[in-house]
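Visitor: The residues making up each chain are set out below.
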Amino acid sequence: MNIENSVIARQPLRATIITRKEIAKDTIELVLQPSARLAFTAGQYVWIILSRLLFADPKGRRRAFSIASPPQEEKLTFVYRTSPSGYKKTLAELPIGSDVEILGPFGFLTLPAAETPVVFLAGGTGMTPFLSIIGDLVNQKNLRDLYVLVSNLEEERVFYQEKLNDFISKNPQVRVSTKVGRLTWDDLKKCPTSESVSWYIAGPQAFVEGETKLLLEHGILPNQMHFDQFHGIVAVLPESIKSPSDLEVFKLAVLYASDHIIITDANGIIEYVNTAAEKITGFGRSELIGQTPRLWGGLMGKEFYQKLWQTIKYDRQPFRSDITNHRKNGEIYQAEVYIAPIIGGTDIVLGFVATERDITEERKVQQIIKASEERFRLLIEKSPDGITLTDANGVELYASPSVERILGYTPDELIGKPGFSFIHPEDQEAAQKVFAQVLDSPGASIKVSIRARHKIGKILWIEGIVTNLLHNEAVKAIVTNFRDVTHEKEIDRAKTEFISLASHQLRTPLSAVKWYSEMLIGGDAGQLNETQAKYLREVFSANERMIDLVNLLLDVSRMEMGKLPENPVLVNLPKLANEIIQENMNDITRKKLVVHTTFDPKTPDIMIDPKFIRIILQNLINNAVKYTPENGTISVNVEKKDGHISLVVQDTGIGIPKEDQERVFTKSFRANNAKLMDPYGTGVGLYLTKSIVDQLHGGIWFTSEEGKGTTVFAEIPITKEVKG
Amino acid sequence: MKNNTILVIEDDIHLKPAYEDKFGGEGFSILWEVTGEGGLDVAKKALPGLILLDLLLPGTMSGMDVLLALKKDPATSGIPVLVLTNVSEEGNTAESAGAVDYLVKANISLAQIVEKIKKYMAS
Chain A
1 MNIENSVIAR QPLRATIITR KEIAKDTIEL VLQPSARLAF TAGQYVWIIL
51 SRLLFADPKG RRRAFSIASP PQEEKLTFVY RTSPSGYKKT LAELPIGSDV
101 EILGPFGFLT LPAAETPVVF LAGGTGMTPF LSIIGDLVNQ KNLRDLYVLV
151 SNLEEERVFY QEKLNDFISK NPQVRVSTKV GRLTWDDLKK CPTSESVSWY
201 IAGPQAFVEG ETKLLLEHGI LPNQMHFDQF HGIVAVLPES IKSPSDLEVF
251 KLAVLYASDH IIITDANGII EYVNTAAEKI TGFGRSELIG QTPRLWGGLM
301 GKEFYQKLWQ TIKYDRQPFR SDITNHRKNG EIYQAEVYIA PIIGGTDIVL
351 GFVATERDIT EERKVQQIIK ASEERFRLLI EKSPDGITLT DANGVELYAS
401 PSVERILGYT PDELIGKPGF SFIHPEDQEA AQKVFAQVLD SPGASIKVSI
451 RARHKIGKIL WIEGIVTNLL HNEAVKAIVT NFRDVTHEKE IDRAKTEFIS
501 LASHQLRTPL SAVKWYSEML IGGDAGQLNE TQAKYLREVF SANERMIDLV
551 NLLLDVSRME MGKLPENPVL VNLPKLANEI IQENMNDITR KKLVVHTTFD
601 PKTPDIMIDP KFIRIILQNL INNAVKYTPE NGTISVNVEK KDGHISLVVQ
651 DTGIGIPKED QERVFTKSFR ANNAKLMDPY GTGVGLYLTK SIVDQLHGGI
701 WFTSEEGKGT TVFAEIPITK EVKG
Chain B
1001 MKNNTILVIE DDIHLKPAYE DKFGGEGFSI LWEVTGEGGL DVAKKALPGL
1051 ILLDLLLPGT MSGMDVLLAL KKDPATSGIP VLVLTNVSEE GNTAESAGAV
1101 DYLVKANISL AQIVEKIKKY MAS
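Those sequence lines, one after another, are chains A and B.
So for the first sequence, the numbering used here puts the first residue at 1; every next one is plus one.
So for the second sequence, the numbering used here puts the first residue at 1001; every next one is plus one.
None of these hints come from the bench; they were simulated from the model.
Heads up, the beta-carbon is just placed ideally off N, CA and C, and yes, glycines get one too.
Accuracy of the hints is not assured; some may be wrong.
What the hints assert, rightly or not - Per the computed footprint, the stretches of chain B lying under chain A, defined by three or more beta-carbons under 8 Å from a beta-carbon of chain A, are: (1) 1018-1032; (2) 1036-1046; (3) 1059-1067.
What the hints assert, rightly or not - From chain A, some residues computed to sit far from chain B (all C-beta separations above 10 Å): (4) E74; (5) S83; (6) C191; (7) V337; (8) K364; (9) I459; (10) R507; (11) E518; (12) G522; (13) D524; (14) V594; (15) E706.
To be verified - A few chain A residues facing chain B, derived, Cβ under 7 Å: (16) S35; (17) T508; (18) L510; (19) S511; (20) I547; (21) P568; (22) F702.
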């Protein structure tokens, strides 16, 4: 930008209107001949001041206009929309050859230094600054990857089309597309969208806001967008500073601005600092004045500073970058720095204005957020569970890598498709039901077990948890977390088959032993002598223990597999309890135990699963009989109370040692005194009892004293009461 | 007059002497069949006073199939069927299919079975 004999108009500079023509509907091209050659860079503004207004205008006699002509031109071209304002109407009426005054230029538009792609989005006359920049680039033969998207809201001739066509024909890198109507993402996505791309947006406020929103929605970062400089602060200030007191206000505003602001001379010697500069650097005003910014800088490496000086001093362009500096106390901080040259009327650099914004905390937070996001992303991506996000209609929005491993479909094959299409036809209804339930209960997680179809056609069993996070701002989706449990299901089936087999195969020989020893003991094959009878009773009772053990193990495995479904029927509790006492009559008689029962004969039949009550009573009564020494007493009470049945089994047995009481209901646990009394026990009975009571939503507890006895209490809610 | 014939449909021939001796000793006459098809056939021809039926049987008919076929045929539907098996999962199904009782062999003595037979035996 080395233009000889050019000036910056700090005082109003006279300029003559050479041409003024309507180049499109309501669009005027105005060409001024300034009385001195103006030094301006691409994209700058000047103020055009009218000596008097022919029509009243509350905003006064001046307006800012983007310069549409390339910097090397002597004439200044402006393109603007007509409007009913007094100013614009006056400008339209002024005869060709009449004079106006100009002030400026103000405001910069700088392209990134690196040869990265640049996109210009222009709405209507917003194209003006871009025209000037493109012209400048063409002249410099410095055309990078350049995309220009122009939107015109009305169907009219695009006034800059010829110029653009000219650029395109000479410079194939420049890609231009014009459109009537708003630029949509379909238009924008034809441009490169990586993070290295810089987006420049200019046009009416609504256009700038609309396009910015669109870019943000599609992941373009705010720091890739440039538009603020078209509304440059410098350009606005002269209008508002009308008196010396206004200038005082302006000085105070700078002094107390939250950003660090310093002004240096052309050699970088600090002449002015505001309070934020003192606060951020930690140096006092007197320590800073007369120093250079090296006082708190110098950490960035030689190339950085070379580039900085090249830009601001020799290129006379503003310099913008992130920078690492240090405070007076040595603490390192991160800042966004913006340094602009102050160019004097004789085209010499008078000094620099530098601002810094401390972004240390912001960066820390960003890093924490980034690390946290990374952690959760990895958690999801490395999880063996498949994780999907769907919208309220069940359409897939996201699928984690594990989903492909489980279902065979790539995320691309899943996203945008209805999630239900991967579910087995027979389970569709169930899945729809769960989904409706999930939609109805925001925040709640619902378990689901269904069949899905793998891409290659095989059927899988899937177990998962579906959570409605549609109302969660951060997620806004229904999250399904699932795994393939086909193998587990197969094992389950094998287990069930094994149990059914075991129940038959183990019990069959045990029944034969049971029945033949029963017949021998009963004298069906002739009278036995006492020793023969004694031995045979041992065979019989050992076989009975084996049968009990098989029964118990079957019950436990069935219960653990959830294969003990509740089948409530009408049960007569006293009768059931008596049956179980009868089953233990051999031992009761042998040990000369006294059994008290306190059943109310009028206890009505209740709806409950007899299988469960039998297991509970069986274990409690068996234990009482087993662990009560000869001549002891056992009480069994079965009672129907409000909404539940109460079972109490009391004995005068060996009791449970205090140190063992906590572990009584754990699997395979046996108290030491119990082991001494009966070496054959499995330690599974009370575990099973407790598990069943839990399954029935009941409660079980006991009181016990070693050597004195134990009382066990169980309460089971009644499924349904029957009067009678 | 009581029909004292018991048809036992049971594939474990090791239990045959027990049934014959114990139930025979109680004055019942025993017919023995090891398959479901054979059992069904004999039931129709002999019309026993009671049937002891195992559930796991060799051949194409399971005990449950036999039970359903017996209950479907008016000629045999009145014969009481006592399921006597070591499979403990089918109790409810068997009873709803028309069995008078469901006994797990390993959990019941011969004397108790005799009581049950006497109780259910058709007159």
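Visitor: Are the hints correct? Go through all of them and say.
Guide: How the hints compare with the structure:
1. As drawn, the region 1018-1032 of chain B meets chain A at 4 residues by the rule of a beta-carbon pair under 8 Å; at three or more, the given contact holds.
2. Residue count for the region 1036-1046 of chain B with a Cβ under 8 Å from a Cβ of chain A: 0. That is fewer than the three needed, and the coverage hint is violated.
3. Judged by the Cβ-Cβ criterion of 8 Å, the region 1059-1067 of chain B is not covered by chain A as claimed, because only 0 of its residues qualify and three are needed.
4. The Cβ of E74 of chain A lies farther than 10 Å from every Cβ of chain B, with a closest approach of about 103 Å, so its non-interface assignment holds.
5. With a cut of 10 Å on Cβ distances, S83 of chain A stays outside the contact zone with chain B, its closest approach being about 89 Å.
6. Against chain B, the non-interface label of C191 of chain A holds: every CB pair exceeds 10 Å, the least being about 69 Å.
7. Residue-level check passed: V337 of chain A sits 80 Å from the nearest beta carbon of chain B, beyond 10 Å.
8. Listed as a non-interface residue, K364 of chain A keeps its Cβ farther than 10 Å from every Cβ of chain B; the least gap is roughly 64 Å.
9. Listed as outside the interface, I459 of chain A is consistent with that label: its C-beta sits roughly 26 Å from the nearest C-beta of chain B, beyond the 10 Å cut-off.
10. Not every C-beta of chain B lies more than 10 Å from that of R507 of chain A, the closest at about 4 Å, which undercuts listing it as non-interface.
11. With a least beta-carbon separation of about 5 Å from chain B, E518 of chain A fails to lie farther than 10 Å from that chain, contradicting its non-interface assignment.
12. Here G522 of chain A does not stay apart from chain B, with its beta-carbon only about 7 Å from theirs, under the 10 Å limit.
13. Residue-level check failed: D524 of chain A sits 6 Å from the nearest beta carbon of chain B, not beyond 10 Å.
14. Every C-beta of chain B lies more than 10 Å from that of V594 of chain A, the closest at about 25 Å, which supports listing it as non-interface.
15. Taking the minimum C-beta to C-beta distance to chain B, about 33 Å, the non-interface status of E706 of chain A holds against the 10 Å cut.
16. Proximity of S35 of chain A to chain B is violated relative to the hint, the smallest CB-CB distance being about 108 Å (cut-off 7 Å).
17. Taking 7 Å as the C-beta contact cut-off toward chain B, the hint placing T508 of chain A at the interface holds, the least distance being around 6 Å.
18. With a cut of 7 Å, the hint placing L510 of chain A at the interface with chain B holds, because the nearest CB-to-CB distance is about 5 Å.
19. Using the Cβ-Cβ criterion of 7 Å, the hint placing S511 of chain A at the interface with chain B is satisfied: the shortest such distance is roughly 4 Å.
20. Interface restraint check: I547 of chain A against chain B, minimum CB-CB distance 5 Å, threshold 7 Å, status holds.
21. The closest approach between the C-beta of P568 of chain A and any C-beta of chain B is roughly 11 Å, which is over the 7 Å cut-off, so the hint fails.
22. Against a cut-off of 7 Å between C-beta atoms, the interface hint on F702 of chain A is violated, since the closest Cβ of chain B lies about 27 Å away.
Going down the numbered hints, you'll see the structure goes against 2, 3, 10, 11, 12, 13, 16, 21, 22, while the others check out.
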